[in-house]
Structures are given as structure tokens and as C-alpha cells.
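S.K.: As a plain string of letters, each chain reads:
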Amino acid sequence: QTAPSQAAAQTSGIQGQNIFEVKPEASADPDYLKQSNGERNKVQPGNNAPMWRQVSGGITGYSSLPLTEAPEAGNLIQRFVQYPGSRYTNAGEAWRQVRNNWIIPYGAALLFVTLLALVIFYFARGPITLHSPETGRKIERFTPFERATHWSNAIAFVTLALSGLVMAFGKFFLLPVIGASLFGWLTYALKNVHNFVGPLFVVTTAFMIVTFIRSNWPSKDDLQWLMKAGGLFGGTEPPSHRFNAGEKVVFWGGLLFLGSIVIGSGLFLDKLLPGVVYVRGDMQVAHMIHAVATLLMMALIMGHIYIGTLGMKGAYKAMREGDVDETWAREHHKLWYDDIVAGKIPAQRSAVQPAARRAGAGGIST
Amino acid sequence: MARMKFVCDSERCIECNGCVTACKNENEVPWGVNRRRVVTLNDGVPGEKSISVACMHCSDAPCMAVCPVQCFYRTEEGVVLHDKDVCIGCGYCSYACPFGAPQFPSQGNFGMRGKMDKCTFCAGGPEVNGSEAEFEKYGRNRLAEGKLPACAEMCSTKALLAGDGDVVADIFRTRVVQRGKGAEVWGWGTAYGSKVAGNPPVEGVKK
Amino acid sequence: MLLTPRKSGPAVGGAAIAPALPFIDSLRRGLANALPTLDRRAFLRRSGIGVGVGLAAGQLTLMRKAAAAEGPVSRVGAGKVEVKRTVCSHCSVGCASDAVVENGVWVRQEPVFDSPINLGAHCAKGAALREHGHGEYRLRYPMKLVNGKYERISWDTALEEVSAKIKELRQASGPDAIYWIGSSKHNNEQAYLLRKFVSFFGSNNCDHQARICHSTTVAGVANTWGYGAMTNSYNDMRNAKVAMYIGSNAAEAHPVSMLHLLHAKERGCKVVVVDPRFTRTAAKSDEYVRIRSGSDIAFLFGILHHIFKNGWEDKKYLEARVFGMDKVRDEVMTKWTPDKVEEACGVPEATVLKVATLLNENRPGTIVWCMGQTQHTIGNAIVRASCILQLALGNIGRTGGGTNIFRGHDNVQGATDVGPNPDSLPSYYGLAEGSWRHFAAAWGVDYEWIKKQFASPAMMTKPGITLSRWIDGVLEKNELIDQDSNLRGVVYWGHSPNSQTRGLEMKRAMDKLDLLVVIDPYPSATAAMAAMPGAQGQVNPNRAVYLLPACTQFETSGSVTASNRSLQWREKVIDPLWESRSDHMIMYQFAQKFGFANELVKNYKMQKVKGMDEPVPDDILREINRSCWAAGYTGQSPERLQAHMRNMAAFDVSTLRAKGPLKDKVNGYDIEGDYFGLPWPCYGTPELKHPGSPNLYDTSKHVMDGGGNFRANFGVERDGKNLLAEDGSCSLGADITTGYPELDHVLLKKLGWWEELTEPEKKAAEGKNWKTDPSGGMIRVFMKNHGCHPFGNAKARAVVWNFPDPIPQHREPLYGNRPDLAAKYPTHNDMATFWRLPTLYKSVQDKNIADNLARKFPLVLTSGRLVEYEGGGEETRSNPWLAELQQEMFIEINPKVAAEKGILNGARAWVHTPTGAKLNVQALVTERVGPDTVFMPFHFSGHWQGVDMLPFYPNGAAPVVRGEAINTGTTYGYDSVTMMQETKTTVCNVEKA
Ligand SMILES: Nc1nc2c(c(=O)[nH]1)N[C@H]1C(S)=C(S)[C@@H](COP(=O)(O)OP(=O)(O)OC[C@H]3O[C@@H](n4cnc5c(=O)[nH]c(N)nc54)[C@H](O)[C@@H]3O)O[C@H]1N2
Ligand SMILES: Nc1nc2c(c(=O)[nH]1)N[C@H]1C(S)=C(S)[C@@H](COP(=O)(O)OP(=O)(O)OC[C@H]3O[C@@H](n4cnc5c(=O)[nH]c(N)nc54)[C@H](O)[C@@H]3O)O[C@H]1N2
Ligand code: HEM
Ligand code: HEM
Ligand code: SF4
Ligand code: SF4
Ligand code: SF4
Ligand code: SF4
Ligand code: SF4
Ligand SMILES: [Mo]
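So the protein sequences, as listed, match chains L, P and H.
Under the numbering used here, the residues of the first sequence are numbered 1 to 366, in order.
Under the numbering used here, the residues of the second sequence are numbered 367 to 573, in order.
Under the numbering used here, the residues of the third sequence are numbered 574 to 1566, in order.
Isolated chain L (complex conformation) (with noise of 0.2 Å):
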């Protein structure tokens, strides 16, 4: 290390103050710790250890330019902060750790893991079929509004959930595929309509949820029905009125909890809330809240599908074309079936009634 040296005898003249010439009883004085950064380069020329720290603090300095268009312009660097799972570090760099350190990994494996046992439960288990035969009389399940409100929802949610995995996964499995650029055009078509879809799934979730609360409204058999987990490992399945425990988990932990966090962090996301500055470091948190939740979230769905196809006969005709047989309303909904038959619901809902649905549906409530 002799550059400097050399630097400094060559420079003819006066030389420039030293900082070790400063007083060493600078230091000593009980205020140090609390000067600004002007009193301290009087007492240490040079000194801007004061500065420093702010900066690190992420103080925001001045700048020139609006805050209307650039608010975080005099913010010179990101402060440090410690997310849940990132070291005490820099807003952006500690988001980074969360996002490529946690939730990516992890959330590749929840979902991976979900799969997986999904898999396995159908082939170790098996769809859930009819123990007795189908009467060929039809109840309707889902009126005609109820479809067209899931399907919505679900289109949307799929859509969201394709792109937004395309967005999050999608350099690790796709792109060493198809190539950057086409990746890239992708991505970008997705991403856009991840963002505009978003707002069409608050407005189906929102019917949703006006649509189906009632009939998840909790009762004393969902204690029931979740203590034997459905029966789905084995045992009988626990009667259930129209939704099961298990439904009303998805409706209540999938739809309404975990779709509000999904919602309000996404609109946030997007840039949709109004009166809002939206900065960096109000950006990084509602990511990883829409990360994590939306994540959580398809996992469940997950399930949720596996049991609306795959999992259960009848199942996905209920929700497809509204009715369901006689049969697996007693099988599956015991309670519900109960009321049905005994008229305190009606079998038929929807003004509109398919001429084949009619004759059976005639016959239960005589």
C-alpha cells in the first residue's frame, strides 16, 4: 500500500488538514455520540460518521424533483431493516433474502408437497365413490347464479394462480425451455393479465362470499365432521348439512381469510388503493404478504380441486351442470339431504328448471 504516500509527497504545496491532528479529546466529549453531522466535522474536519448513519437509517435527503412524481428520490439508499427470515440488513436486499431465500424455495415446496400427496392419496385411496346406486332423481345443489359465480371465481383464481406461478417459477422451469425472449413476451402477457385479473377476482370473490356464506355458516357437526377428518382416512364420512367442515375451511380459512389477505396486498400490488404513496419499502412488505398468502392459498385450492374432480364422484357435475343424485346428497350431505326431504328446502331453486330435472326432482318432495 505505498500509492497513497507516493500521492501524497507528490503533490507540491500545502498540505491539507489531517484528521489525526484533530484533538483527541474530540471524542471524549459525553455529547459525541449526538452531534450532527456539522458539529462533528468542526471538531473532526472530515468526519461524517453522523451523516453515515442517517443514511443507513434511510433518511431521506433532499432532492430537487417532485415529490408527486418521485417520492423516494431523496432517499439516497434503503434503510436497514430485519424481515422475518432476512439478517439486519438493507429494505431491499433483505426483501430479496425473503423473497429468493424463503418464500420462493419454500413455496415451490408446499406447493410440490401438496402435489404430491395429493397423488398419492388418489392412487393410495382413490376417488370417493357412491356406496349405494344413484336413484336417478336430481337435486339441485347449485342454482344457476351459484355456478356462474364459482366458475368465475375459479377461472380467475386459475388465471392468477397460473400466471402468478409463471412469475414466481417460471425462470426455474420455463425459461431454460422456451428461451428468454419468448419467455420473456410470456411473461410479460401473464403478468399483465395477472394485473388485470386481479381486480376481477375481488369482485367474484365478493359474490362469492355473498353467495355462500349462509350455507357455511359453522354448526355443532362440523366439530364432528373435522374430529374424524371427514372420514376421508377411513370411517364413515360424518353427516354434513350443504358444505362440510372441510368446505367451510376453504370457504373460511381459503375464500374469505386468506383471499381478503390475498386481495388487499394484491390491490396494493397494483397500485389500485387510493390516497396511497406507494413506496419501495410498503411494496416489499405487501409482496411477501401476497406471496406467502396467495401461495397458502393455492395450496389449499389444491386440495379443494382435487376433491371437486379427481377426489369425489359427482362432485364436479354438481358444480358443472347444478344437481346432484338423491344418492350423494344422502351420502355426502346427510343433513342437508334431511331438510330437503323434509321440505324446509326447497329441491329446486332456480326459477329455470331443465325439463330432465323436473319429473325427479317432482318426486322427492311428494
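Bear in mind the hints are in silico, worked out from the structure with no lab data behind them.
Be a bit skeptical, because a hint or two may be false.
[Unchecked claim] From chain L, some residues computed to sit far from chain P (all C-beta separations above 10 Å): (1) 33; (2) 61; (3) 65; (4) 69; (5) 76; (6) 150; (7) 188; (8) 199; (9) 226; (10) 237; (11) 334.
[Stated by the list, open to error] Derived, one-sided and incomplete: chain L residues facing chain P with beta-carbon distance under 10 Å: (12) 93; (13) 95; (14) 175; (15) 220; (16) 284.
[To be verified] Here are the simulated DSSO-like pairs of lysine-lysine, each with C-alpha atoms no more than 27 Å apart in a straight line: (17) 653/H to 503/P; (18) 191/L to 481/P; (19) 503/P to 171/L; (20) 738/H to 1166/H; (21) 481/P to 271/L; (22) 503/P to 191/L; (23) 191/L to 450/P; (24) 481/P to 171/L; (25) 34/L to 481/P; (26) 34/L to 1469/H; (27) 653/H to 42/L; (28) 450/P to 271/L.
C-beta atoms are modelled at their ideal positions from N, C-alpha and C, and glycine is treated no differently.
Following the hints, put chains P and H with the ligands in place on chain L, whose structure we already have.
M.R.: Chains P and H with the ligands only, in chain L's frame:
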């Protein structure tokens, strides 16, 4: 191989915005996008210091790490560039970047940002060097012409130095020795993992 | 606001070469992009980009020589590429810049590392020069105000109508009824030509920015020691050991000068900043002193008090080279005791002593000042106090010392030297008959003919009205003004309206005019103000308003004088944009209408620009070279200047001197020994090869090496005391080692050196002095053969007996917040006629005190600059690259005051001033200002007391950013020597909006 870096000497910077406009001029950067900006701390009180900041072309760049489409790449000179054809405008790089370098042409709702733009160290982008397409998307490729960044070349006080890390560190160190103070090279700790100008940074090592 | 980059458009833009078809192009790119990018990245792995190579990094420049063995890098388009060397047109630092022009379009701007002045550096304005090649917000064609709207007219119509109207007014009210506001933006040739033009028109009613900029400096400093200019240079500040900035915010106003200061600072130079505000310059200081605005004399004399008290003055120097310091000393010791100093300027004794000690211990030291000192009713006295301090320290005429007076506009120095001044002809020749005869001869016209152009011979020698007071020339009662008619027509030829004080009254004056002509690339501020409806019944129904598009300095060539007195030659970068024409072409065309075109251009060749005749700037400079002896504008021939511009690298950054013999490749001129830009005075003919004067009055050098001494301009004796330098004090190697008077034929004969003249020289010099000898022979003999200085060798004057306050006196401003101090330090008495106008002092101050004005307006209002904008600002606010950086007019308020008034940072505020004006601005709450002071930048216009003036702008010519102009609200007050307007100290009140 040379490793490109910026040093902004806060003992010299006078917030004249020469660097900012030089960049606008050379790269035809539109209104609203500021690849470089100047920040003043302790504005108007003793101890005031200004610092010009743009992308620092980090050794272990957070932007690069979080980009969902992996559109960043690093040139042999250590310049962090990105491909606007691939960029999806998700904004993640801007969340991750400690320095607020990534910029977006729009601030719209629905996350509409347009393609990210940031300081290229005047090294253009993935298009053919000196091509019109490169200029339109990324600005000039001065490095390919054998020139250094416009902002540093025009800096009114030579506060802003750009170039091979060893060389700029040397110049900076000479000044520090001469004035006997102000040894902190701003941003190097975060960007290059080494707080000391002149200590060769350890490439790619995580802090 | 979101601006998108220009895509195409006539003759503008970097990538103006449009692709064949946008659609096809994007398709092509789209397809290309659909391919995997892997291969394209391989492009990056080109050879030859080894960056370690050739990275030649000096202490201050950092550039990489184009070491690339890569061959020509393919560029945008492939047209004809030329590089034109030009000079920034914004401030007096004079930063050089290379313009890359492709097919006539300015496509790139490159730094000129070779320039010893800026070493490639630029501030925001300089780095944004290329925008001038876009000119999107400029006036594109002549326009005329018709029923409150600007309508396009042709140039022919415009010239015809304007000249007819001027002739009509001249006929009715005489030539003095027209006021010509020239410009410090004009190059030397244009500024000079305008003075000649106005003279041929028969008037002295012309002026330019210097009036409201450094006029007090020019008068005060010239009267102290000879020339009213910066004594040293920006570069020379590298040699200073202490630099005191008092009334200069160089970091914003002369940013690139800081390059040199900070270099000095790194070598140990101490920096002191004295300013009411903690400026960006203060941020770089070792010692910052906050003073009350307008109280500089108290502070400067406070320092001097300590210097005298401790015997720190340079006694030998004072004895040999300074007159009257004893009188100053007596006054300072009695009047400026520390308690009085503290009372007047608010600085405690300890601080004053500390600064005095710094100045004493570090020599040579320099003082830098600018508008903080000049723009006061006592500006002439403040600047002299600074001179006196430097004289006492023996710092004048020394490398690293001097008074480094930072001038304003890019060519305000040149326009002051050779341009349109109401009290002098070019090169400071007064208006006496002798001067007129000198110039008549140089111009090749008959003296009697010029005389006949004037209203009367008396008006020919009477200084005109000043720019700062043209509004009074219009509004004042006719019987009170000292010329026949009031002003009826005003020509704004490169000047903004919002830079003059008393905006409300200016609006009235504008409405009252018969003719308003604006010749400017950006005439819009004046245009909008004129088009804005005036008060009922006060608008002259016959008023005619015309806007004529001038081109900028990048669309013509010519020389420009930087603050350090160096001249630089600008090459023409591009052809005039739109329908704009160069100022000298417009002068010629008006002269044609007025019938004196042949006289005007008699000595010039003409060239065709866009098919029209225009005088060749080189020839105008040659005429300057043949006539402007007094200021030493005679050595700077176009050839010498152009050779300097092409060989900048040869000049030393610290001394500015060419390092060795070097012949210019184009014209063969050898620059050896020259100082860069031949800083004036560059005496004698170009053939004499005087190298220019880097530091004035420097006796350590031979006069032919740029040395000198103080000027003999004030006689040889005063009160029985010798005014010439004492024996032994003279420039190095002078044959006369005593003081001596200025050179004339008598002196030369007496000395027996007459015979050294050639025969033709003798003939020319007979009966002449060095300023009027057209051959330059006397100067040659005196300087080259005998090492003597043509303007003599005398003492500097600490006492300027011909000024109202021979020893600088502190006087309180007319509008102040300290009536107690005004009682102790009252202003001057009113003057009945001063520059043709009655001028008030005491009556205004007394009335303000009687009205208890300080209670209603308790805050001192000062104003100044922002780095991004320049002057009235219309030009720079039309530059989107700059405009983006400062989008709001604001007022700096101390947090304490803001809290009292409930004003939040970033909120709107109303500023009320004593004129009744109210300004709506954004509050910037900052400790930059103390609780008694507020500050506003003066670069904004386009809002008028809360109303946006956009509807009144000519279509398409409004700047990008508009805001309230501070001068809408500024008050009355003028310097007692030069009529400088008071813009640095007035009062106001601020309220939450
Ligand atoms: N960016 C930019 N640069 C410019 C210009 C521009 O418009 N913009 N204009 C050019 C021109 S024309 C000029 S003349 C120069 C002007 O250059 P400067 O004079 O340096 O600039 P100002 O900001 O007008 O004033 C300087 C300082 O004087 C302080 N001041 C006010 N009152 C007093 C006082 O009573 N005493 C003292 N000691 N200080 C006081 C102000 O607070 C301010 O900080 O700048 C030139 N350079
Ligand atoms: N309150 C307050 N007022 C001030 C000051 C202050 O500090 N405070 N400072 C004062 C000072 S120091 C000055 S110098 C003045 C400056 O004030 P101005 O000189 O009035 O300001 P600019 O806007 O620079 O005016 C120059 C004009 O010339 C035009 N121009 C540029 N190039 C050319 C050209 O080649 N030809 C022609 N014809 N026109 C051209 C520009 O477009 C612009 O309109 O303001 C003064 N006013
Ligand atoms: C409910 C289903 C949703 C799922 C499964 C989902 C999933 C995801 C995923 C995986 C990401 C990427 C995270 C990463 O790459 O780190 C993401 C990002 C994002 N999501 Fe969602 N999301 C959902 C709903 C929403 C909604 C309702 C909105 C808006 C209203 C929304 C707006 C966003 C935004 C703005 C981003 C950031 C990326 C960008 O700007 O494109 N998302 N989402
Ligand atoms: C492709 C995706 C999906 C399929 C195949 C599917 C399938 C089904 C089926 C078959 C039912 C009827 C179950 C029954 O009859 O009891 C159902 C009900 C329901 N689904 Fe889905 N679903 C999907 C996505 C979603 C999504 C994304 C959500 C919400 C985020 C959702 C929420 C619901 C709700 C709330 C019900 C009503 C039962 C309850 O309240 O628990 N579904 N779904
Ligand atoms: S400064 Fe920001 S944008 Fe630049 S490389 Fe580092 S993280 Fe990326
Ligand atoms: S905005 Fe573009 S560059 Fe930035 S992370 Fe997103 S895709 Fe990558
Ligand atoms: S290096 Fe180039 S792109 Fe980056 S800030 Fe400087 S001028 Fe702009
Ligand atoms: S040009 Fe230089 S001095 Fe000016 S703001 Fe930029 S870094 Fe600072
Ligand atoms: S405005 Fe002055 S300091 Fe800035 S670039 Fe132009 S000449 Fe240089
Ligand atoms: Mo000025």
C-alpha cells in the same frame, strides 16, 4: 479484467445536476425517468453533503437476483445491464435495489410501469453495439466507443468518477490523503461488498 | 406531467433518422426478439473493450482515450458527421463543449477535456446545451399581437411594420423615444454592432444586463484601480490559500468554477463563505458566516478593523501602490468597532476576528463576490469595501490573490466591454466628442453624419436612461425627465422582463407604450406580459407588439468573453432553426430600413445564411481589434482566437499559459507564450503578440508576459499627495521604474522613444494617445521596447473622491426591517436628475419608516439563483431536461417562521410585498435561511399573482415550467452611481395560502 465502478465524492459534489442532465442528453431519457439523481443530506445546515447516485452495478446485484424473467446480465466489465425485450415491468428490481436505481416510464395503476430503465454505465444493452435499436432502448453505448459514462465525464467538480474500480479508487484515495479526510466511499459497502476504496472487491461474494 | 421523448420532427433529435416504416421496423424487431437471446449476448463479448487499457486518469480529469482498435463504431445513421467547438451560453465560466452534428442536426454533445477552463466539466445547464438544437418551445416565426392574440406574420411584414412604426415615433418624438435593450447573450460582435447601430440611430438609450448585474462592480472597481473586471481567473484560484466568498453562491451560479476551488481546497486553501443563506457554496466552506442582507460593508470593515488593529496590513504594498488608505483606516478604527459591526451585520467579534486571522495567515488570498454585493442601493460602495480589504492585505496583482468577481451571463463581460452601454462607446470610451471621433474614424463614417442622427449634440454626450429604469422613462412625468420625450417604444433584444424589479409598474409601462418589439429565441415572458389584459383604460389603444425570432449563439459564430476576460470563439453549430435569424442579420436588415445599412457594414464582408445577407462576424471582430485599444480588445484577432480553440490542450490549467511552441494546423499561428483566450487587456495589434493578461496589475511579470500595475486614470496628484506609484514599484523589467502617467505622444517624445516608431506609425500617432492611436505603434514601442504599461503606473484609490461616498459608507436599504438602523445609517438624498431621471432615496426610506412598514412586512426578502435555470429563465425553463429538475417556484422560510405562520413544507404560501403584489408560491421550510430572511429564486415567470398566464403566450412557445416571478413584487431602489436595481434586500410578509 477491468471492473467498472462509480465513486461519488461527497466532499466535492455540489448538487449541480450536471451529471443528471448529461445523462438525459446523452441517452435521451424521457421526462419522469431519472437514471441518475442527486441527493443532499443535511440540506441547508452545516454538514450538508450532496451525493449523486445511479445504478452502482453491484457485484452481487439484488435486482438481478429477484428479476422473475432473469433479464439482467453482467458484462465482462462488471456492468449490470438488462434486456428490455424480456423485462415485464414487475418492479421487483426496484424493490430490491438498495439505491433506487431502476426507473419506470409510467407510474400507472394496474401495475402498469412499462419496461424498466436504469443506468447502463453508458454501455447500451443487448442490441448490436451502436445500433439504432440499442440507442432507442438503452441510450448510447459509450463504452463500446472507448468512452466513459457521460455523467462522470461532465461532472462539474469531478466529484463523480466512473471507470475501472482500481483507477477510480486510486484517484479517490489520492484526494483523501491530500485532504486528510472524508475516507468513506459512498455506497461501496452495499454495492461491492467492500467499504474501502482500492481494496479489490470480492466478486460475487454475498455479504 | 409526462413528456415522452420526441420521436420525430423537423430537424431535431438524436435519432431523427426515421426507420423506413415504423410498423415494419417494429415487426422486424419483434421477430428478432422472438429468438432466444443467448446469441445476442455474445455480441457483448467483443474484443477491444478491455477497459483497463488507456485509462488515463489524472487528478481531475478522468477520461479514457479512444484506444479502441475497434474501428469506427457503427452509429445512428451514417450521414456527414462534423464536430463543432462551441462554448456554453449560460454563464460566465465559459465552459467549452463539442457539438457533434450529423447532416445539420446536433446529435451529440461531448465534453472538451482539453479546455483549461472546464476540463470537460459542465453543470446542469451546460450539460443540457444540445437541447438548443431542438428548440421545440421557441418562437418559430415572427408574430404580432392582434386583439390580444399573437398571430403569425412574415419576416418582410414584420420588418416593414416595425421599422415604419419606429420611424414614425422617431419623427414625432425624436430618437430618444425608443429604448434599445441589448443583451449579454449576444456575442462580442453582435453586442458591439448593436452599440454602433444605436449610435447610427442617433441615441444613447441602450443598455444590457450588466446594468442590473455587475454595473456597481464595474464602476466601483474601475474607479479603484483601473479596470472594472475580475482581476484574476477561475483557474488562478487554484493558487489561493484562502478564498472568501462574500455575496457569491458559486456552487449554483458558477458551478464549474468550483472545480478549481475544490482543487485548491484539497491543497489546503481555506474557504470562507459570507452570505445570509447557508448555500451550496457554504456547504463547501471551512467557515460560514451568516450576515444580514445588505450589511456587507459593516462586515468587511469589521475585518479591516482587526487587520489594522493587529498591524496585519501589507504596509510596504500600501505605501508603494495605494492611495488614501490612511483615511480609510481612521474611519474604520473609529466607526467600525466590533460592537457596531455586530449591531449592523449581526456577526459577533469572535467570528469576525477569526475570519480576519484566516485572511492574515493565509496569503495570497482571494475574495469572490457577485450579486450579493452588487445589487444594492449601496452596491458601488460595498464592492469598493472589498477592494479596500484586498488592497490592505496586499492581495491585488498577485497570483492566488485578486478580487475574483464572477460575472454573470456568458458574455456579460464582453457586452460590458464592447456592447450597448448608455454611458460609453465600446471599450469604455466615454461619450465625449473625442471618443465619437475615434469611433467615427474606426467605423469609416463622418463624425458630423453621426451627430446629425442625434436629437441634438447635447444628447450625443449625455448618458442614456438605464435598463433598470426604462419603466420610469415611460411612466415618469415628462417635465421631470431629462430628455424631450418620454420613452414610447422599447425593443427587448435578448433580455427578459421578469429580471427587472417593480413588475407591477412594468406592466403599466408596457401597456402605455406605443411599440414593443421582442427579438429573442424565447420572447415568451415579455410576450405574455404584454398580452395579458391591463388595467381598464390604461392600455394604449395604439400599442403594437411584435415578436421576432432570433437564433441562439449555436446558430452563428463569434467570440465570447468569459469572466476571466478570456475570449473564446464559438463555431456555428447548426443553421438557424425555424424562421429565426441571427441578431446581426436582424440589425443589418433594420439598418436597411432606416437607411444606414451601408454605413453599418462598411468594413465587413457579407455572407449568405439561408439565402440572406449577414455581416461576417470575423470582420466585426477585426473592427473591434482596430478600435478598442482602451480595454485591450485589439490583440484578439479571429485567427489567434480560433487557433486557441483548436489547441486548447496546450494551455496550462493553473497558469493558462501555452506550454510550448505550437503552430495551429489551419492558420499556422503559433500560440507559444499566449494565455488562453488572450484575456483582455491584450494590448496592441495582433502582430505585437501580447499574450493577454491572466492576472491584472501583476508587477511580478513583464508587461509582455501579461504583467502590469495599477492604472493612471485619475490624475497624478491629489491633495498634494502623489497618485502615481512610488519609486521602485513597477512591472518587471520596465524601463521606467517610477510611477508614470498614461502614454500619449507627448510622453513618448519626452522619453525620447518617439523615433522608435516607423514613419507611418508616427503619422498615425501624432497628437494621439495610446487609446486613439490607430496604428498601435506607441503601444508597441512602450511595451515591447521598454516594458512599460500604456495606461501608466499609478496607485489604486482607497478613496474614490468622485463617488457619493468616497469612503464606502454603510447605508440601510430603502425597504428594510430595521428602522432603528436606518436612523443610524440613513440612505442618500434624493436626486433630481440622475441618468435622465429623478431618483428617490431618502423620501422613500423616510416614508417607509413613517408608515411602519417593517411591522407589516417583517421579513427581509432576498433572491438569487438556482443551478438549473438562468436569468429570467424562459430559455432554461423551456428545456425539458432542466425543467424536470425544478418544477415549482418556491420560497425558503426558516422553520421557526413557518411554524409561527402555520406553513408546512411543500404547502402553498402567499408572499405579500410593499408594492401590493401578492405571489403564490410553494413553501420550502429550511434552515438555509435565518428567521429574519426569506429567499426566492428569480427564474420563474408565467404566473401573475396567482394566475396562470398560459393563455397569453404565443401558441406553442410557452416554457415547460411556469411560476410566479419574484420581480412582480420587488420594490424601488437604485444604486447611487450606476442605477443598479436593489434586488437583494427588500421586505415582505408570508402567509399560508
Ligand atoms: N444557474 C445559474 N447560474 C448563473 C445565473 C443564473 O441565472 N443561473 N446567472 C448568472 C448571472 S447573470 C450572475 S450575475 C451570476 C450571479 O451569481 P451569484 O451572485 O453568485 O448568485 P445569486 O444567487 O444571485 O446571489 C449570491 C448570493 O448572494 C446572497 N446574498 C443576498 N444578499 C446578500 C448580501 O447583502 N450580502 C451578501 N454577502 N450576500 C447576499 C444570496 O443569498 C445568494 O446566495 O450568476 C451567473 N450564473
Ligand atoms: N430579483 C432578482 N432579480 C434579478 C437578479 C436577482 O438576483 N434577483 N439578478 C439580475 C441579474 S444579475 C441579471 S444578469 C438579470 C438576468 O436576467 P435576463 O438577462 O433578463 O435573463 P435571461 O432570461 O437570461 O435573458 C436573456 C434572454 O436572452 C435570450 N437570448 C439568449 N440567446 C440569445 C441570442 O443569441 N440573441 C438574442 N436576441 N436573445 C438571446 C434568452 O432567450 C432570454 O430571453 O436578472 C437580474 N434580476
Ligand atoms: C388469488 C389468487 C392469486 C394468486 C394465486 C396470486 C399469486 C401471485 C404470485 C405467485 C405472484 C408472484 C410473486 C413472486 O413472483 O414473487 C403474484 C404477484 C402479484 N399479484 Fe397476485 N395472486 C393472486 C391474486 C392477486 C390479486 C387479487 C391481485 C390484485 C388485485 C394480485 C396482484 C398481484 C400483483 C400486483 C403482483 C406483483 C407482480 C406484478 O406486478 O405483476 N394478485 N401473485
Ligand atoms: C378449477 C378449480 C375448481 C374446481 C374444479 C372446483 C370445484 C368445486 C366443486 C366441485 C364444488 C362443489 C362441491 C360441493 O358440491 O360440495 C366447489 C365448491 C366451491 N368451491 Fe370450488 N372449485 C374450483 C376452484 C375454486 C376456487 C378458486 C375457489 C375459491 C377461492 C373455490 C371455492 C369454492 C366454494 C366456496 C365452493 C362452495 C362450497 C364451499 O363453500 O365450501 N373453488 N368447487
Ligand atoms: S444498484 Fe440496484 S439496479 Fe444497480 S446493480 Fe445494484 S441492485 Fe441492481
Ligand atoms: S421490472 Fe423488469 S427488470 Fe425489473 S425485475 Fe421486473 S422484469 Fe426484471
Ligand atoms: S453512466 Fe450513463 S446511463 Fe448511467 S447515469 Fe451516467 S450517463 Fe446515465
Ligand atoms: S455533476 Fe458532479 S458535482 Fe454536479 S451534482 Fe453531479 S456529481 Fe455532483
Ligand atoms: S452554465 Fe456556466 S458553469 Fe455551467 S456549463 Fe455553462 S459555462 Fe459552465
Ligand atoms: Mo447577472
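S.K.: Taking the minimum C-beta separation from residue 150/L to chain P, is that value above 10 Å?
M.R.: The claim stands: residue 150/L keeps its Cβ more than 10 Å from every Cβ of chain P (closest is about 25 Å).
S.K.: Would the least Cβ to Cβ distance between residue 334/L and chain P come out above 10 Å?
M.R.: holds (47 Å)
S.K.: Was the hint right that residue 175/L lines chain P, CB cutoff 10 Å?
M.R.: Because about 6 Å separates residue 175/L from the closest Cβ in chain P, which is inside the 10 Å limit, the hint holds.
S.K.: Taken at face value, is the distance from the CA of residue 481/P to the CA of residue 34/L at most 27 Å?
M.R.: Between residue 34/L and residue 481/P the Cα gap is close to 44 Å, so the pair fails against 27 Å, i.e. violated.
S.K.: Against chain P, does residue 188/L hold up as non-interface, every C-beta pair farther apart than 10 Å?
M.R.: violated (4 Å)
S.K.: For residue 191/L and residue 450/P, compute the direct alpha-carbon distance and say whether it is at most 27 Å.
M.R.: Holds. Residue 191/L to residue 450/P sits at ~15 Å (cutoff 27 Å).
S.K.: Does the claim that residue 237/L lies off the interface hold, with its Cβ farther than 10 Å from every Cβ of chain P?
M.R.: Answer for residue 237/L: holds, closest chain P Cβ roughly 43 Å.
S.K.: Please settle this one: residue 199/L was flagged as non-interface, so is its CB more than 10 Å from every CB on chain P?
M.R.: The assertion about residue 199/L is violated, with a minimum of 8 Å to chain P.
S.K.: For the hint on residue 93/L, just tell me whether its beta-carbon gets within less than 10 Å of chain P.
M.R.: holds (5 Å)
S.K.: Checking the smallest CB distance to chain P, is residue 65/L really beyond 10 Å?
M.R.: violated (7 Å)
S.K.: Against the 27 Å threshold, does the CA-CA distance of residue 191/L and residue 481/P hold or violate the hint?
M.R.: Judged against 27 Å, a Cα distance of about 12 Å means the pair holds.
S.K.: Would the hint on residue 220/L be counted as holding, given a Cβ-Cβ threshold of 10 Å to chain P?
M.R.: Status violated, d = 45 Å.
Comparing the model with each numbered hint stated earlier shows that hints 2, 3, 4, 5, 7, 8, 15, 25, 27 do not hold.
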